[in-house]
Structure formats: structure tokens, C-alpha cells
Amino acid sequence: MSTKIGIYICECGPNIADNINIDEVIERISSSEDYKNKQLIIKPYKLLCSNEGKEYLEKEIKDNELTHLVIAACSPRDHEITFINICKKTKLNPYLYKMVNIREQCAWMIPDKKKATEKAISYIKAAINRVLHQSVLIEKQLDSNPNVLVIGGGITGMETALSLASKQRRVYLVEKNSILGGNAQSFKNLLPRQENNTDLVAKKITAIQENENIEVFTDSKLENAVGFFGNFEVTVKSTKKDQTANEFVVGAIVLATGFALMPTEKLKKHAYGKDDNVYTALEIEQMMKAKGKIVLKSGKEPKSVGLIHCVGREDRGYCSRICCNYMLKIISYLKDQSDTILIKDFYKDLCLPHKYDQEYFDTMAKKKVDFIRISDITTKKTHITYTEVNGSKKEADLDMIILAPAMVPAEGTEELAELLNVPLHPTKFFQEAHSQLNPIGTSLEGIYIAGGCHGPQGISESVLQAKAVQGKIVTQLIPGEKIIPEVKVSEIIPDFCMGCQTCREVCCYGAITFDPERGICVVNEAICRGCGNCVGSCPSGAIRAKHFTTIQIHQEMKEAIS
Amino acid sequence: MKKIQTKGVKISSNKDYRDSIVDILKKMLQSKSVDAVLVPMRVPAKDSYAWILVKDEKLLTEADPAAPIMPIQGARALSSFSRKGQSMLKIAALMRPCEIRATIELSKLNQVNLENVTLISYDCPGALPMEDYLNDPEKGEKKFNDILKKLDFQNKSIKPVCKICDQFSLLPVSDLHFTLFHDQNNTMFLIANSNRGNLVLKEIGMEASHTVSAWANGIQEIKDKRAAQKKGRFTQIKKMVEGFNSLLATFSDCIGCHNCQSACPICYCRQCYFDSESVTSGTDLTMLKAKKRGSISLPQNRIMFQVGRMSHMSLSCVSCGLCTDACPVSIPVAEIFSYVAHNTQKQFSYSSGENKGEPIPLKTFKLEEVKGIQELVEDAEA
Numbered sequence: 001m002s003t004k005i006g007i008y009i010c011e012c013g014p015n016i017a018d019n020i021n022i023d024e025v026i027e028r029i030s031s032s033e034d035y036k037n038k039q040l041i042i043k044p045y046k047l048l049c050s051n052e053g054k055e056y057l058e059k060e061i062k063d064n065e066l067t068h069l070v071i072a073a074c075s076p077r078d079h080e081i082t083f084i085n086i087c088k089k090t091k092l093n094p095y096l097y098k099m100v101n102i103r104e105q106c107a108w109m110i111p112d113k114k115k116a117t118e119k120a121i122s123y124i125k126a127a128i129n130r131v132l133h134q135s136v137l138i139e140k141q142l143d144s145n146p147n148v149l150v151i152g153g154g155i156t157g158m159e160t161a162l163s164l165a166s167k168q169r170r171v172y173l174v175e176k177n178s179i180l181g182g183n184a185q186s187f188k189n190l191l192p193r194q195e196n197n198t199d200l201v202a203k204k205i206t207a208i209q210e211n212e213n214i215e216v217f218t219d220s221k222l223e224n225a226v227g228f229f230g231n232f233e234v235t236v237k238s239t240k241k242d243q244t245a246n247e248f249v250v251g252a253i254v255l256a257t258g259f260a261l262m263p264t265e266k267l268k269k270h271a272y273g274k275d276d277n278v279y280t281a282l283e284i285e286q287m288m289k290a291k292g293k294i295v296l297k298s299g300k301e302p303k304s305v306g307l308i309h310c311v312g313r314e315d316r317g318y319c320s321r322i323c324c325n326y327m328l329k330i331i332s333y334l335k336d337q338s339d340t341i342l343i344k345d346f347y348k349d350l351c352l353p354h355k356y357d358q359e360y361f362d363t364m365a366k367k368k369v370d371f372i373r374i375s376d377i378t379t380k381k382t383h384i385t386y387t388e389v390n391g392s393k394k395e396a397d398l399d400m401i402i403l404a405p406a407m408v409p410a411e412g413t414e415e416l417a418e419l420l421n422v423p424l425h426p427t428k429f430f431q432e433a434h435s436q437l438n439p440i441g442t443s444l445e446g447i448y449i450a451g452g453c454h455g456p457q458g459i460s461e462s463v464l465q466a467k468a469v470q471g472k473i474v475t476q477l478i479p480g481e482k483i484i485p486e487v488k489v490s491e492i493i494p495d496f497c498m499g500c501q502t503c504r505e506v507c508c509y510g511a512i513t514f515d516p517e518r519g520i521c522v523v524n525e526a527i528c529r530g531c532g533n534c535v536g537s538c539p540s541g542a543i544r545a546k547h548f549t550t551i552q553i554h555q556e557m558k559e560a561i562s
Numbered sequence: 563m564k565k566i567q568t569k570g571v572k573i574s575s576n577k578d579y580r581d582s583i584v585d586i587l588k589k590m591l592q593s594k595s596v597d598a599v600l601v602p603m604r605v606p607a608k609d610s611y612a613w614i615l616v617k618d619e620k621l622l623t624e625a626d627p628a629a630p631i632m633p634i635q636g637a638r639a640l641s642s643f644s645r646k647g648q649s650m651l652k653i654a655a656l657m658r659p660c661e662i663r664a665t666i667e668l669s670k671l672n673q674v675n676l677e678n679v680t681l682i683s684y685d686c687p688g689a690l691p692m693e694d695y696l697n698d699p700e701k702g703e704k705k706f707n708d709i710l711k712k713l714d715f716q717n718k719s720i721k722p723v724c725k726i727c728d729q730f731s732l733l734p735v736s737d738l739h740f741t742l743f744h745d746q747n748n749t750m751f752l753i754a755n756s757n758r759g760n761l762v763l764k765e766i767g768m769e770a771s772h773t774v775s776a777w778a779n780g781i782q783e784i785k786d787k788r789a790a791q792k793k794g795r796f797t798q799i800k801k802m803v804e805g806f807n808s809l810l811a812t813f814s815d816c817i818g819c820h821n822c823q824s825a826c827p828i829c830y831c832r833q834c835y836f837d838s839e840s841v842t843s844g845t846d847l848t849m850l851k852a853k854k855r856g857s858i859s860l861p862q863n864r865i866m867f868q869v870g871r872m873s874h875m876s877l878s879c880v881s882c883g884l885c886t887d888a889c890p891v892s893i894p895v896a897e898i899f900s901y902v903a904h905n906t907q908k909q910f911s912y913s914s915g916e917n918k919g920e921p922i923p924l925k926t927f928k929l930e931e932v933k934g935i936q937e938l939v940e941d942a943e944a
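Just so you know, the sequences run in chain order A and B.
Residue numbers for the first sequence follow the working numbering, so the first one is 1 and each next one is one higher.
Residue numbers for the second sequence follow the working numbering, so the first one is 563 and each next one is one higher.
Next comes chain B alone, as it looks inside the complex (with noise of 0.2 Å):
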């Protein structure tokens, strides 16, 4: 795996982190570094935020880089104007971690074109659960505002799934990242971390010089503390969902409303397969099933939903935890498809994400793996 760079930025330290970060996208914009910025804004309304692209830097103090919410999954936004090709203008996407590797994962499966793309991430300490915040938006803004500023990684208010989330920080595939991390002294630093990240640093004219072991340090006290923290939840939800009864028992709320998949960045089908035509069976077909098994859940597939959809994205899924916002019965999607996906993926030695020349392994069939699967469903039968 590619190294991380151990040097930054030192950035002005007075400032608020927000005006920190927009100052520098500006000096993109002003060095024509990038033409555009593709950053989330806070809507008129003050209950929510959106995916702008920033063409005109005099916008960017709109800009919120760190929005306490995430309505939208960003690779979502960028797949929505790059999928068909390459994007004309230079564009800087600021996201979280777990938006940059939905943005690989799309990458792979040709829904996302990278050319002209620099990728910016900054430690994430998470987002509020959409419902907390739509409660009273002033509030979420208070309580985020104050976890960004005593630094809380742990904060008990940020999604379940974030708690257990060990990849919030500097990825190796971001281009550029912000250290939000910062000491007493409010030191933060911006990193580069590829060649298009060293071009944009040296053509706003910036250096990397500084060490940024402390931050660094600091980051794996949080890992490590997150990665606790998921062993012991992926045990309880390892209970939920092991076995058919419990499965059917964890999703028996589902209300088949699909909102999960339609918020999921990873499901990219213009059209789910389970709300084709291809698995609604007729009337006699399903009175037949009825009269066999004595009886029957209707509207069906509600389980078999789920199923296909962990068998269909759970490689990819970045434990973004869009699932579970969007979910109206509260359901917690996320950290059931996050301990999925954590087993499926170690089952290909493969780490969604991560590694932009990674063969996804939908994509890919090697001859050891199926041998790894035949020995895991003997396993389970003895």
C-alpha cells in the first residue's frame, strides 16, 4: 500500500477551521489551480445542505467544508456530472473519507471519471444522524460546532455508524487532505499526498515542510479506540443478523420503501432489479406459495431485499451510514451492512476504497477465493 506522507502545511491557526479550509480553496481558485469547487453549502432554509459547485470564489464563503449532516453522499454528486466523462473544468471536491472512497468504488465501476478531479479530505469526527438534526437544526449546528471544537472523536450525538468508523482520516487516495486534528495551539496542517497534490500546494504556492507526527500519533489513538469500539458492536450485530430467524426478526419493520438503496452512493443501478418487473410474481404464482407454505408476507422480497442488496454492494460499501438516515423505521442499516461488508471484504482480501488499482472484486474472479468460500460454507456446516 502507498505510504502516507508524513509532511504538511502549516496553516494560520487563529481562524475558525471552516475559514481555514475556504480560504485555501479560494487560493485554488485564484492560482486557477482548479476552476471550480465542488463543496456543501448550507440551504436557504438553515435545515439542511446541499452539493454546490463554486465556480466564483466570492460564493465560497458560503461554503460550510464541514457540514454536520450528510444528506447527500458526495460521490453521488460527483458521479452525477462525471459519469458519462471526463469533466471539462479542473474541480476540487472537498468530502469526507468515506465520500472519497464511495468516489473510488464508482471510479471502478465507471461512475465516476477522476481525470480533473482532486480529491480533498479532512478528519471527520463524524456526522449527526439526519433525524437529530432535522429535530432542531439549531441545535445540531451548537453540538457539531462544539464537537469540532473540543476536538471529539467520541462524541455520543455522531451516527452509530461513524462511532465504529477507523477511516476518517487521511486515505490513500485522497489528493490533499486537512488536518482538522490540531494541538492546544490550534495548529492545522494540509497535506499533499499524491502528485496532483503536490502540483496544487506548489502552484498556490505553499511547501510541505512541517513534521506532522503529533497529528499523526493522535489519529492512531483514535483509530484504536474506534477499532475497539467496532469489535464490540460488530459482536451484538453479528446476533441480529446471524441465522434466518434472527435476519427475519432485524428487518420484520422493513416497510420495502427502498429509501436505503436510493441514498446508498454504491447502489448505482438506474433501476433496482427488486423493484423490476422480474421479481413481482403473478397472482397464481403467489397463491401457490401461500397454499404450500400455509401462509405468506405480503408485499414479498422485503428480506430478499436486503439480502440482494448486501449480496449485490456489501464489497464496495464504505460504511457511509446514508442507509440508516434515509431509514423511516429506524432500522440501523448501517452498521449491518458495515459488518457485512467487513466480513464479505476480508473474504476477498479486498478493502473498499483504499486503493484506487484494486480490481474490484465483482469485477474480478480468481480460482483461491471461490476455494476460500467452499472451505467458509464447510465451516459453517460442521
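Bound-form chain A, shown alone (with noise of 0.2 Å):
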């Protein structure tokens, strides 16, 4: 079959056709010399992501038997799939085509119509030079493996299981503790309704049990994991003596391993023993949950108690969130065991992000609450040096201290972080695939991050993430159905390779394996992701990324800049 380019120049209403002279370019295109040995077809339409447009295309692929398409048209993050579509209802192999964005590069941003005609023309030109050296790729179908494995079984990773376990989709449920419940299940009472709290962990652990669909693996932790999307192949491993080893595969990983509290022992600012009438928030709510009441250590109710939000805020560099919310609900804990009782909140800024959190901070400010604004705050057992943001310095000797530690990643975050490959931020959470675009996911596709281990967040974000997770893996890992992983992959080509590894260190995905027997490095085609960091590391050249070789971005190259 003889080459036969299709170019397909869309108008975009106005949009492109105002700006740009496409007679010229279609003129430009076709006399010229350099394809006088090709056979192009090049048109002009109105609107080509129209239903119309779609139809239209379809039909001129078929009737001309085009070899290869080029769309001159608008950005390729609008409409790049649109004909990637119709390639696929044809036989066109859709990496025989090159969208050019002639709108926002051409039209829109050079006001003078003849160089935006210019670049238009050089630009189409440049595709129609690359898509000549762009070669067929065939996606291939791998079976998916629907099971999930969810690691941490507090609120958020029973959450998870919940929402995903069914008669086609099995959930593995890791705890490295003894019970599930996670942090939540300290808690007294939840906000913002104060609603009591047992309920709520104990229906959770309750259904959690009573489903069948779920196994759950207490005190054990994850001890291998390899594979991708899909396809986990899995070891999770009891931290018991006998350390049992169960063996598994899933499709789907969700990281919900929670938080901790920044170790106070730390805080260089607050210095404390054991015998002080010093608290965590967290310990305050373990007490109310065992005792109903806040006491001091010699058993006696404190007359007067001081707050202390942000502790280890500036250590850690971050806004926990929570803390002014819970610290209320502690003051609340507090005027319900005695209207007398004399509370001063040290706070250096109040963090009152929803929409509840501001009747709540009122109510409580009513129910006669120092809340002090503060610069700066240290603490001796629990003798207070303060310095207001007036600048005035003052002292107090209370009964009671309560602090709210930042929240900080759990513990063994960092070793689950390397065992998968999955980045962590700089503030030592997991970090998200994209903030605001894929904020649950990782760069692992096929892991995920949910709850307190994604950042500092109350339960009701939690379990958000959670149900973001569950939308994620019910719409992509469905159960019978093949998975078809990225073909514009990269490849190490044998002869070439010579097994210095460098590829391996730069592999964010860690998609590359070392052969030992060939001495050579192999890309496992499913966990590739085409970002092209091995190509450009490899020192002997040997690793080529299919539909971005070099020869076919040095024909694109050489006709867009000359």
C-alpha cells in the first residue's frame, strides 16, 4: 500500500479560520517540492470535533485509504483522543497521526494573520514530517486481577474495604495493630455534632467483620509487593511470632495508614516528665473514653487548664488542620464537667476551615474561654511564658496543660513509601499524583492514598478520600474485564544495553529489572509510563521510546525550527 497522508485543517468556527489564511496553507502545503513524491490529500472543515466533523473524517479515512492522518487544529489536551476515536473505528492505526495545535500556538497568539500563516504552514509540515517516521503500535490486553489490598485499618482503610467488597472484588485488610479502629477509635465524641463516637468505630468494625467478602490480617504488615496494575503480587506477613506469611494477588493497593502525633519529647519549647499534669489532645480523648472525665494525676478535677494549639508547627512546617477544631471540643469536654473551671487557649492562628467551625467557635467562646492570641509560648512542667501579640509578656501557673502536637505521618510510612516505590513529600506524607487532578492517586497507577496518610485531615476528608478510591478502582479495575496498559513505552534494545543499571536509578515507576543471566536491563512494558527519563539517561543509547525516537523528533525538529 502506497503512502497516502491525509492533512484535515480545522476552521474551529472562527477561532482559527479568522487568523489564518487556510487557502494559503493548503496552497503552501501541496506545491511543495518536498512532497512531490507523496501522495497528500488536504482539506479544509468547519468543525471537526463536531458530530458532523467526526463522520466526515471517518468517511475520508476510509474512502481515500489514507496511510496517515495529520489533524491542524486545536490543542491536542482538547481533542487528541476525539480522533484518536475515530482512528480506532477505522483501520488506521491511531499512532499513524499527529494532531498540530495551529489555534492556541498559531491563531490565538500572533496577531499578525501572515506569520501566524507562517507558522501554521511549519508546523503542519513538521507533523506531516514526523508522522511519515512514526511507526504502528498495537495496545495490548492484560488480565486484571479485581482484588484490593488496604493497608491500615482505621477509619479510613475500613472505609475502603467497605465501599469495595462485593461478590466480585475480595478485600485484604492489613492492620499492624491488634484491633481495627485506628486512631478514630479513641475519640469520645466526633465533631462537629459531637455525636458520641462509639457507634460509629464499632458499626464500622462490626460490618467489617460480618463481611464476608473482606479478610482481615491484624497485627501484620506488608512484606513484598511487585508487579502493577492489575497485577500485585503480594506478601503480607504477621508481626506475631510465628510470623505467617500469606501470599496473594490484587489489582488495586490503597495506602490508608494513617497518622500519629508529632513525639512530644521532641518540642524543645515544652519540656515536661511523666509525672506532670501534661497532655496530648490524643491522650485527653483516650481519657475521656475510660474515665468520662478530665483528671489530673492525682486523680482531682483541674480548676484551671491551659490549651496550646501549633506545637511542632514550625518544626514541621505545616498547618495540621484539625487541631483547633478538636482543641474546641476538648474546652467543651471541660465546661461540661464544670462551668467554673478557668480555661486560657493559646493560639497563634485559629484554622476554622468548614462550614460548621465557625457556630461551634462562637458557642464556645461564649462559655467564658481566655483565647489568647499569641507570638510566641513556652512551657516549664506547666508554668506558661507567653508573649502576646502586642508584644506584652506574661506568665501562668495552671492546674493542667493540654498540647496539640502536629500530626505527622505514621510510623513505618517511610519503609511502606520505599518497599512500593511510592514518592513521598517533603513533609514526609505520601505524596498525591497531582493536587488538584488525581489527588488520591500516586505516581503508581494502581495505588492509591486515602485518609490520614495523605496530609492532615479530620475523618469526614477521610472518608472522602475513601469513597474517591473506591470510585477510582470500581470504574477502572472492573472485575472480568482486560486492562490496556500504555504502548508508548520505552524499550533498552539488547545489543546495545550493557547493563550499567543507570536507567534503573532514574525509573520513577522502577519498571526496569536487571537480567543477570543477559547482563542486560529489561523495561516491564505494563508498569512503564513513557515518561522517557531512562532514554535520556542511558549513556550508551541503548533505550528507545516508542512514538518519541529520535528520528522522528529530530524530522519534526529540523522542519519546526528552520
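Pairwise CB distance ranges, derived in the manner of DEER restraints:
| hint | chain 1 | residue 1 | chain 2 | residue 2 | range |
| --- | --- | --- | --- | --- | --- |
| 1 | B | Ser-642 | A | Ile-493 | 18 to 24 Å |
| 2 | B | Lys-646 | A | Ile-484 | 33 to 39 Å |
| 3 | A | Pro-494 | B | Glu-619 | 37 to 43 Å |
| 4 | B | Lys-646 | A | Gln-243 | 32 to 38 Å |
| 5 | A | Lys-467 | B | Lys-646 | 46 to 52 Å |
Treat the hints as calculated values from the structure; they're not laboratory data.
Don't be surprised by glycine CBs; every beta carbon is placed ideally from N, CA and C.
Take the two lone chains and join them into the complex the hints point to.
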């Protein structure tokens, strides 16, 4: 079959047509000497992305038996996929198609019509050069396992497990402690409505235990995980003496490992010992749940209490978001206990981000609480020295001090990140794939993050993220459906590879393995996302990115910058 | 950096230095401290040397621990069998310091497996240029023996790149080291410089009890002299390669044979990028270039090859000089690459082959390095 390139120029209503002389583009390209041996079909169309446009294009490809396709229109971000889908409807391989952006990159940004036209011509010629050097790529289909591994049996992990488990989808829930429930089980009441917590956590634990599609591993941790989206081979090992190991295959992994409070012994500004009446907010919650009231070490109720916000925030470099709210909750515990109790609440900033929060704060403020805005504070046991924002320095001696330390990732987060090759944010919480566009994904397809391990947040956001993860998995890992991995991956040419393994060090996805027998590296195409890092790093030039080969880029650049 | 050992074993001083070394190597084989020894041997035609892995101690008599020439870089010999994994046999490799440094670089690139390998260095007075030696091998032998006898580390006959080498002695990465630089009494020392080295010493029943400060001072003196020579020579070399026109003039003799790359121990690629299809431009493109520029030198990419090789391997270059030996048109490739390597390595605060643990700049990325380069570019522009 001889080469026949179809070039279709979209007018995009007036968007392109008004500022690019499309007739001239067609005239200049069809008369160009560069393509005198090639068959070109070059036509304008008013709106290619319209239904009529799509039908027209499909018919054109079929009728003209096109071998290559160039679409000069808008940004590929808008409609590349639209035209890929049209290629798929015909016999034309979508990797023999190239889109040129003559709207954003030419018509919209160059006021001079003549110059815009010149640039459009050069870009279209670049695309023709490139498309002629593109190769057919065939999408593969892989079997997928619909089951899910959830790491962390706190509120987020339990919610995720309950949302996902079904007859077609088994969920394995791994918890490092001996009981489910995580941090949330220590809370007596829950924000914002102060409802009793026992119901929420206990109900979820019961639901999990009753669900035959959820298998729970307590006192266990993830020992190993290899594979890719749809096929992760995982080993879960018991941390008990017997160290029983369970191996199974899952299609996706959810990280819901939660948070811990910053260890208070690290705090230079707040020195206290075991016998002093200084507590963290979490200890107060535990005390409330166990004893039903807040008491001093002596067993007596305190008459004066100091609450300190933002403990360790400067060291950690972020706001923990929920502390101001739970400090208000502790105020309400104290005020319920004694109407006359003296409460001094020391804060630098108040973070009240939710729609319920202001009202809650106003209610608490009415209860005779000293809210003191400070610029600095140090404590020694229960003696407080502080500087108010107006600069005046003051001191106070109180019966009890309650600290709100920064939320930090739970212990073991770093090891887990290393095991799974999931990147961490500088704060050491897991790094999401994109803070807006993919906030619960990671750089690895099939591994998701939700809850406190994502960053400081309350139960409602954690549950929201659990639901978002559920949505992702339910729509992407459909039982019985095949997975189509990325085709534009990199490949290592064995005859050039010397096995220096530089590529393995730059691969963000863990897609490259070393084959000791042959002494060379190999790309796992199911994991590779085609980022091209390895291509650039290979000292021997042994790695090629499919669809971004040197010759393709060279041919395109040659024309675009000539 | 690792502290250099200050004590050594005194070795018999009456014998020829070569025999003294061979004696020790034999002891290593006898005590089963090592299973085989990698040493240079003179080829039967007596006009060159080859690397031989010797298991039979009787054959060691044929070995020449300090060959006058370097036809093949020792690191290449080691890599040829240890690239795909650890050696079954315990091997002692007796090599020049630059060969050991290349070995370390190759190990960082996973081309050499150092497991079960004992690296033995010796004070290297330099090597003779291949061309001179091949013209009259017997004369070359005599000349080199003379150099060794007189401990003439400033001899005019050695390779130009050896004259400016200041890493010719004990390296932090050597397991064992023979001091050739002996005093009037012909005293030679064997220094153990690592746990492995100490173990070998113990196994052959020797103990490092003599201080070697006199030797160390002597070495430092030579190092200082060599460093001064290096500084002077680099000023000349700089003129040869600074700016495009000088570079063009210096490499205008290049016939594009790529012998320098074949001889280079660091050029470990199976096929050089510059020998691949990727760099050959088609007829149309060549004609287009000729049309645009008015003229074009053919075959293309001779300068690009040199510059490309500099950017690919200069961070690991050990200035062994094999490239100059291999050049049929006598371009001082080694000194040029040594100069470039000196500067590129300085940029990354890296010294090739000196530290096993230090990651190779090619495989690491630090933001501050980029800043440094940016400043360099700005300086050049200003």
C-alpha cells in the first residue's frame, strides 16, 4: 500500500479561520517540493470535533484509504483523544496520526495573520515529517485481578474496604495493631455535632467482621509487593511470633496508614516529665473514653487548664488543620465537667475551615474561655511563659496543660514508601499524583492514598477520600475486564545495553529490572509510563521511547525550527 | 577520604624488583590466599604484552609485573570476565594505578564485579609510548629497565600523559601496594591498604611493621614535581581546545577511526553512539546542510565524536593515555581529555577512581551542581 497522508485543517469556527489564511496553507503545502513523491490529501473543515465533522473524517479515512493522518486544529489536550477514537473506528492505526495545534500556538497568539499562517505551515509540515516516521503500535490487553489490598485498618481503611468489597471483589485489610479502628477509636465524641463515637467506629468494625468478602489481617504488615496495576503479587506477614506469611494477587493497593502525633519529647519549648500534668489532645481523648472525665494525675479535677495550639508546627512546616477544632471539643468536655473551670486557650492562628466551624467556635467563645493570641510560648511543666501579639510578656501557672502537637505520618510510612516505590512529599506524607487533578492517586498506577497518610485531615475528609478511591477502583479495575497498558513505553535494545543500570536509578515507576543472566536491563511494559527518563540517562543510547524516537523528534524539529 | 597506611612489610632488597613482586604473588597462590593472578606477560614474539590470568604458579616466572607498555587497559581485562557476576576464583590483579582507577569507575557502572578481586598497585614510573616501543622493542625494554633502576620518574621517554600524572602511587582503593620507589639500599615495601589486603598479608605470613615515611616523602616530592608539570602543560592544552576554532584545528587531523574509543577503558558501550545509524544523516539532509552552510566536511561528525566522547566519559576519565597510543595521526588525545576531565570532575567535586563509595556524577543529580554550571555559563558569557 503506497503512502497516502490525509491532512485536515479545522477552522474551529472563526477561531482559526479568522487569523490563519487556510487557503494559503493548503496551496503552499500541496505545492511544496518536499512532498512531490508523496500522495497528499489536504482539506479544510469548519468544525472537525462536531458530530458531522467526526463522521466526515471517518468517511475520508475510509474512502481515501489513508495511511497517515495529520489534524491541524486545537490543543491536543482538547481533542487528541477525539481523533484517536476516530482512527480506532477505521483501520488506521492511531499511532500513525499526529495532531498539530494551530489554534493556541498560532491563531490565538500571533496577531499578524501572515506570520500566524507561516507558523501554521511550518508546524503542519513538521507534523507530516514526523508522522511519516511514526510506527504502528499495537495496544495489548492484560488480564486483571479485581481484588484490592487496603493497608491500614483505621476509619479510612475500613471505609475503603466496606465500599469496595463485593461478590466480584475481595478486599484484604491489613492492620499493624491487634485491633481495627486506628486513631479514631480513641475519640469519645466526634466533630462537629459531638455525637458519641462508639457507634461509628464499632459499627464499622462489626460490618467488616460480618462481611465475607473482606479478609482482615491484624498484627500484620506488607512484606513485599511486585507487579503493576491489575496484577500485584503481595505478601502479608504477621508481626507475631509465628510470622505467618500470606501471598495473594490484587489489582490495586490502597494506602490508608494514617497519622500519629509528633512525639512531644522532641519539643524543646515544652519541657515536662511523666509525672507532670501535661497531656496531648489524643491522651485527653483516651482519658475521656476510659474515665468519662478529665482529671489530674492525682485523680482530682483541674481548676485551671491551658490549651496550646500549633505545637511543633514551626518544626514541621505545615498546619495540621483539625487541631483548632478538636481543641474546641476539649473545651466543651471541660466546660461540661465544670462551669467554673478557668480555661486559657493559647493560639497563634485559628484554622476553622469548615462550614460548621465558625458557629462551633462562637458557641465555645461564649462559655467564658480566654482565647489569647500569642506570638511565642514556652512551658516548663505546667508553668507557662508567653508573649501576646501586642508584645506584652506574661506568665501563668495552671493545673493542667493540653498540647495540640502536629500531625505526622504514622510510623512505618517511609518504609512502606520505599517498598512500593511511592514518592513522599517533603513533609513525609505520601505524595499525591496531582494536588488537584489526581489527589488520591500516586505516581504508580493502581496504588492510591487516602486519609491521614495523605496529609493532616479530619474524619470527614478521610471518608471522602476513601469514597474517591472507591470510585477510581470501581471504574478502572472492573472485574472480568482487560487492562490496556500504555503503549508509548520505552524499550531497551539488548544489543546496545551493557547493564550499567543507570536507567534503573532514574525510573520513577520501578519499571526496569536487571537480568543477571544476560547482563542487561529489561523494561516491564506494563509498569512503564513512557516518561523517557531512562532514554535520556542511558550512556549507551540503548533505550528508545516508542513514539518518541530520535528520528521522529529530529524530523519534526528540523521542520519546526527551520 | 581514607587514610593512607603508613606501615609496610620490608621485602627482600637484593633481588630485581620484578622478581620480588613475583615472589609475593607466588606466595599468595601457594597459601591459597588467591586462586589466580592477573598479570601482564610478554608475548612470544617479544614485541608486546598481554594480560594473562595465571593459576599455575610455575607460569608466574613468565609474568612481568611492570610492563613497559600498556597495550590493553587492565580494567578492560578485568571487565571482560567479571561484568556478568562475581568471579568464582579469588583473583589478585596487579595493575598500574590508572588501571585500578578505571576498574573502580567500571565497577560503579556495573561493568566490573569487585567481589573476590584483590587490587594490587605499584609505584608506576609511567609507560612508554606504544609507537616508540614497537619501533624497537629491545631498545624499549632497555630504556624502561633503566628508568626503573634509576628510579627516574621524570624520564623524557615516558608517555606525555604519564609525565603529568600525580596519581601514580598508592591509591585509597588499592588493597595492596608495592613500593617500587626504593632507597639506595634497594628497600621495597608491601603495604596493605584495606581489610582484604591485611587478610592476604596475614595469609602469606607477613606483618607490616616498618614505617614507610621515607618512601611517602619521596613520593610526595615526585607528586609535587608532576603537579607543577601538569599545571604548565594544561595551560598549553587549554589553548589547543578553547573555542571552536582551536578545537577544529586540533582535531582537523582526525581520520575518524575511533581507535581512541576502542582503547578507552571507560568507553564501555557495546556500540558507540557515533558508530550507530542514529548519527548518519541521509543524502537529502547532508545536501541540505551543504546548501545552507556553503560547504561541509566529510565524513561528518568527526569533531562531534570527540566532543560527544568528552561529555560521555570525561567524568570517569583516568588519564591512562591509551587513546593517544591508539591514535594513528598523533593527536595528543590523552592530554586533551586529561585537561577536560580535570575540569569536568572539578565541577562535580569528583575524582575518578579514588573512592568506591562516591557515586558517579553521571548517575546522580544534585540541584546545586546545576547552579554551579549556570554560574560557569554566565561567567563565560560575561
